[in-house]
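There are 2 protein chains.
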Amino acid sequence: MDLVVVGSVGLDDVETPFGKVERALGGSAIYFSLTAALLTRVGFVGVVGEDFPEEGVELLKARGVDVRGLERAAGKTFRWSGRYHEDLNHRDTLLTELNCFEHFSPKLPDDYRAAKYLFLGNIHPSLQLDVLDQSSASFVAMDTMNFWISGAPDDLRRVLARVDAITINDEEARDLTGQSNIVRAAREIHRLGPKLVVIKRGEYGALIARDDEYFFAPAFPLEDVVDPTGAGDSFAGGFMGYIARHDATSWAALCQATIAGSTLASFSVEAFSVDALRSLTHDQITARAAAFRRLTDFPAIVL
Amino acid sequence: MDLVVVGSVGLDDVETPFGKVERALGGSAIYFSLTAALLTRVGFVGVVGEDFPEEGVELLKARGVDVRGLERAAGKTFRWSGRYHEDLNHRDTLLTELNCFEHFSPKLPDDYRAAKYLFLGNIHPSLQLDVLDQSSASFVAMDTMNFWISGAPDDLRRVLARVDAITINDEEARDLTGQSNIVRAAREIHRLGPKLVVIKRGEYGALIARDDEYFFAPAFPLEDVVDPTGAGDSFAGGFMGYIARHDATSWAALCQATIAGSTLASFSVEAFSVDALRSLTHDQITARAAAFRRLTDFPAIVL
Numbered sequence: 034m035d036l037v038v039v040g041s042v043g044l045d046d047v048e049t050p051f052g053k054v055e056r057a058l059g060g061s062a063i064y065f066s067l068t069a070a071l072l073t074r075v076g077f078v079g080v081v082g083e084d085f086p087e088e089g090v091e092l093l094k095a096r097g098v099d100v101r102g103l104e105r106a107a108g109k110t111f112r113w114s115g116r117y118h119e120d121l122n123h124r125d126t127l128l129t130e131l132n133c134f135e136h137f138s139p140k141l142p143d144d145y146r147a148a149k150y151l152f153l154g155n156i157h158p159s160l161q162l163d164v165l166d167q168s169s170a171s172f173v174a175m176d177t178m179n180f181w182i183s184g185a186p187d188d189l190r191r192v193l194a195r196v197d198a199i200t201i202n203d204e205e206a207r208d209l210t211g212q213s214n215i216v217r218a219a220r221e222i223h224r225l226g227p228k229l230v231v232i233k234r235g236e237y238g239a240l241i242a243r244d245d246e247y248f249f250a251p252a253f254p255l256e257d258v259v260d261p262t263g264a265g266d267s268f269a270g271g272f273m274g275y276i277a278r279h280d281a282t283s284w285a286a287l288c289q290a291t292i293a294g295s296t297l298a299s300f301s302v303e304a305f306s307v308d309a310l311r312s313l314t315h316d317q318i319t320a321r322a323a324a325f326r327r328l329t330d331f332p333a334i335v336l
Numbered sequence: 034m035d036l037v038v039v040g041s042v043g044l045d046d047v048e049t050p051f052g053k054v055e056r057a058l059g060g061s062a063i064y065f066s067l068t069a070a071l072l073t074r075v076g077f078v079g080v081v082g083e084d085f086p087e088e089g090v091e092l093l094k095a096r097g098v099d100v101r102g103l104e105r106a107a108g109k110t111f112r113w114s115g116r117y118h119e120d121l122n123h124r125d126t127l128l129t130e131l132n133c134f135e136h137f138s139p140k141l142p143d144d145y146r147a148a149k150y151l152f153l154g155n156i157h158p159s160l161q162l163d164v165l166d167q168s169s170a171s172f173v174a175m176d177t178m179n180f181w182i183s184g185a186p187d188d189l190r191r192v193l194a195r196v197d198a199i200t201i202n203d204e205e206a207r208d209l210t211g212q213s214n215i216v217r218a219a220r221e222i223h224r225l226g227p228k229l230v231v232i233k234r235g236e237y238g239a240l241i242a243r244d245d246e247y248f249f250a251p252a253f254p255l256e257d258v259v260d261p262t263g264a265g266d267s268f269a270g271g272f273m274g275y276i277a278r279h280d281a282t283s284w285a286a287l288c289q290a291t292i293a294g295s296t297l298a299s300f301s302v303e304a305f306s307v308d309a310l311r312s313l314t315h316d317q318i319t320a321r322a323a324a325f326r327r328l329t330d331f332p333a334i335v336l
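Listed in order, the protein sequences are those of chains C and E.
The first sequence begins at 34 in this note's numbering and counts up one residue at a time.
The second sequence begins at 34 in this note's numbering and counts up one residue at a time.
If you are wondering where the hints come from, they were derived from the structure by calculation, not from laboratory data.
Because the structure is a prediction, the values reported are computed rather than measured.
One or more of the hints may lead you astray.
Any copy, or any two copies together, can satisfy a pair, since identical chains are not distinguished.
[Stated by the list, open to error] Cross-link-like lysine to any residue pairs, in silico, SDA-like; alpha carbons within 20 Å at most:
(1) Lys109 with Pro142
(2) Lys109 with Asp308
(3) Lys53 with Asn214
(4) Lys149 with Asp125
(5) Lys53 with Ser213
(6) Lys228 with Glu256
(7) Lys228 with Gly211
(8) Lys109 with Glu246
(9) Lys53 with Asp120
(10) Lys228 with Pro254
(11) Lys228 with Glu104
(12) Lys149 with Gln167
(13) Lys109 with Ser159
(14) Lys228 with Glu83
(15) Lys109 with Asp197
(16) Lys109 with Ser183
(17) Lys109 with Gly211
(18) Lys228 with Ala304
(19) Lys228 with Ser114
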C-alpha cells in the first residue's frame, strides 16, 4: 500500500442547472480513491451506515481500491445536499446530516500505517490528528474547509504543523490567513506548517506554491460541466496518485502531479456524482493530460 | 505607424485598500498606449479637456507615443472615480462624468488610417464604428463593457461583425452571450464576428480562444497588487503591441502576445494609476516575460 486516504463517504442530493441526482455516491474519500486508483494502489478509510448501497463498495473494489479500512456502522450514512447556481461557481448547502459520521473514529489497518503517502480528507481536524498518530507516512497532504477554519482553529493548527502539503481553495486560504493577496496567503500558510500549498480555483485551475516557486495549471476547457461536486477531491486524488505512483516529490514531479490532478478533476465534473469515473480508462486520462501541454506552451518571446 | 488606439482619457479618483489618488492619469487609451509603446510605435486618438495636465501629454511623448491624434476640447476632461473592495476583485464606481468625452468624434490623422493594427478601446460602439470607417487596418481588436452590451446592443453587434478580435472579461462574455460556460461563450462570440476571443480574468490570468484552440496565461504572482485599474487595457497594450511589433497573427504569435499582455498588466497593477509604467524599461519586461515560462512549464507526464 503506497497511498492511504481518510475522508467522508456520503449519499448526496445534488441539483445543478443540468439536472439532479438523489442519494448519489459522494464524499471526499470516494472521489479521491476513485481517481487516485487510476494511478496507484489506494487504501480507503471511511465509514458508511446500514443504508449504504452495496453497489458503492463493489464500485470501489472493481476500480482497484483497497476497502479493508471501510467501516460499517449502525445507523445512516452521512448525507449532504446542495444546489448550484447558474454559473456553477457558487452553491447553497441545503442539508448536512452527519449520521454515523458523527462518531467516526478512523482506524488504519496495519499495512495502511506504513504507507508512504497519506491524504487527510476534509474531516474534523481532531480526527486528522488521530490518523496522523497512527501513520508513519513520510509525505502527508491535508484538505480542510471554512467550517473547521472558524470552528476548530486550534486543532486545525496542530494538523497544519504536522503535514507537508495542503489543498485549499482561494477563499479558504484567505480565511485561514487573513491575507487577501494569494501570494501572501500561501507564504503565511507555509509558516503554519505545509511547505507545499495547493490552491484550488475551480474553473480557473490550480496553482501550487513552495518557497518562492509557483506553478499554474488551467482547468481543462470543457463545454459541458455538469456537476462540480468532488472536483477538489478528484484533483487531490490525481495529484497524490501521481506522487505515489512515481514516489517523487521534486518540484518537477509536483508540477506534473498538478497536471494529473487537473486532468482527473476535468473528467469528474463532466457527469453527476462519480458517474464519469466509473469506467474512466488509463488511455483516456493519458490523452487528456497530453492535451494540457498545448494549453500553456508557447515559443520563446522576443519583446 | 503600425498600431493605433482609440479610447478614453480620464482623470481618475481611485481608492484601494492600499491608498488613494485623485485626478490621476487614466482611461483606456492612456494605459494601452503606455504599455504598447514599449513594443512598437503607437498612434493615440483621444480627447482631453482644458483641465488636463500638460504633464500627461509630456509623459506620452516621452514614452514614444505619437500624440498627433490627441484632441484638445473645450470644457473638462472625462472623470471617473472608483473604490476597490478588500480582495481587489470587485469595485464600486462612485462617479462618471463624461464631460468633453460626451461629444467626442474621433478623427484619425491620414497616416493613422493606414496603420495595419487597430485597437478600439472601451468607448460607445457608434464611435468604434466611426473609427472603423476611417481605418484600413487589416487586424482590428475591440474592447467593450456591460454598459454597452445592455445599452447599445445593435451598434455593438455591428462592431463585432467587423473586428478580428475582442478583449472581454468573464462576466461581460456571459452577459453578451447568455452562456455561463466560458467555452460556449467564446464559441458564441466567434459567431458574432471576432475569430479571436481574449478573455481577461483578472487575478486568474487570461485565456484566448480561436476555433477549437485555447491558450491560458496565469497572472504573474505578485505580492503587492496596489491598483488593478487599467490592468485590462495594459494587457491589451502588451498584446497588440507584440502583434504589431512582429507583424504576426499566427497562433504561436497570439500565444506569445498573451504572455506579453500578462507581463505588461502585471507591472501596471503594482502602483496607482500609470505610475509603474512611467519608467518601465524594456529590460524589466523582458526579464518578467521570461519568468512566465517557469510558471506553466512541466516535464512530460507518465500516468
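Checked hints:
For a Cα distance limit of 20 Å, the shortest separation of Lys109 from Pro142 qualifies neither inside one copy, at 23 Å, nor across copies, at 77 Å. In this homomeric assembly, Lys109 and Asp308 never come within 20 Å of each other (Cα to Cα): the closest approach is 23 Å inside a single copy and 61 Å across copies. In this homomeric assembly, Lys53 and Asn214 come within 20 Å of each other (Cα to Cα) only across copies, at 18 Å, whereas the closest approach inside a single copy is 36 Å. Taking identical chains as interchangeable, the C-alpha atoms of Lys149 and Asp125 are never at most 20 Å apart, the minima being 37 Å within one chain and 50 Å between chains.
In this assembly of identical chains, the alpha carbons of Lys53 and Ser213 lie at most 20 Å apart only when taken from different copies (18 Å versus 34 Å within one copy). For the identical chains of this complex, Lys228 and Glu256 are inter-copy neighbours only, at 18 Å across copies versus 35 Å inside a copy, given an alpha-carbon limit of 20 Å. Only within a single protomer do Lys228 and Gly211 lie at most 20 Å apart by alpha-carbon distance; the minimum there is 19 Å, versus 42 Å between protomers. Taking the shortest Cα distances, Lys109 and Glu246 never come within 20 Å of each other, neither inside one copy (45 Å) nor across copies (48 Å).
Taking the shortest alpha-carbon separations for Lys53 and Asp120, only the intra-copy value of 16 Å comes in at or below 20 Å, while the best inter-copy value is 33 Å. In this assembly of identical chains, the alpha carbons of Lys228 and Pro254 lie at most 20 Å apart only when taken from different copies (18 Å versus 30 Å within one copy). For a Cα distance limit of 20 Å, the shortest separation of Lys228 from Glu104 qualifies neither inside one copy, at 32 Å, nor across copies, at 55 Å. Taking CA atoms no more than 20 Å apart as the test, Lys149 paired with Gln167 passes inside one copy only; the shortest distance there is 13 Å, against 68 Å between copies.
For the homomeric pair Lys109 and Ser159, neither the shortest alpha-carbon distance inside one copy (22 Å) nor that between copies (63 Å) is at most 20 Å. Taking the shortest alpha-carbon separations for Lys228 and Glu83, neither the intra-copy value of 40 Å nor the inter-copy value of 56 Å comes in at or below 20 Å. Taking the shortest Cα distances, Lys109 and Asp197 never come within 20 Å of each other, neither inside one copy (34 Å) nor across copies (58 Å). Proximity of Lys109 to Ser183 under the C-alpha cut-off of 20 Å is found in neither arrangement, the shortest distances being 27 Å within a copy and 51 Å between copies.
In this assembly of identical chains, the alpha carbons of Lys109 and Gly211 never lie at most 20 Å apart, being 37 Å within a copy and 42 Å across copies at closest. Taking the shortest alpha-carbon separations for Lys228 and Ala304, neither the intra-copy value of 34 Å nor the inter-copy value of 30 Å comes in at or below 20 Å. In the homo-oligomer, the alpha carbons of Lys228 and Ser114 never lie at most 20 Å apart, since the shortest distance is 34 Å inside one protomer and 41 Å across protomers.
Hints 1, 2, 4, 8, 11, 13, 14, 15, 16, 17, 18 and 19, counting from the list given before, are not met by this structure.
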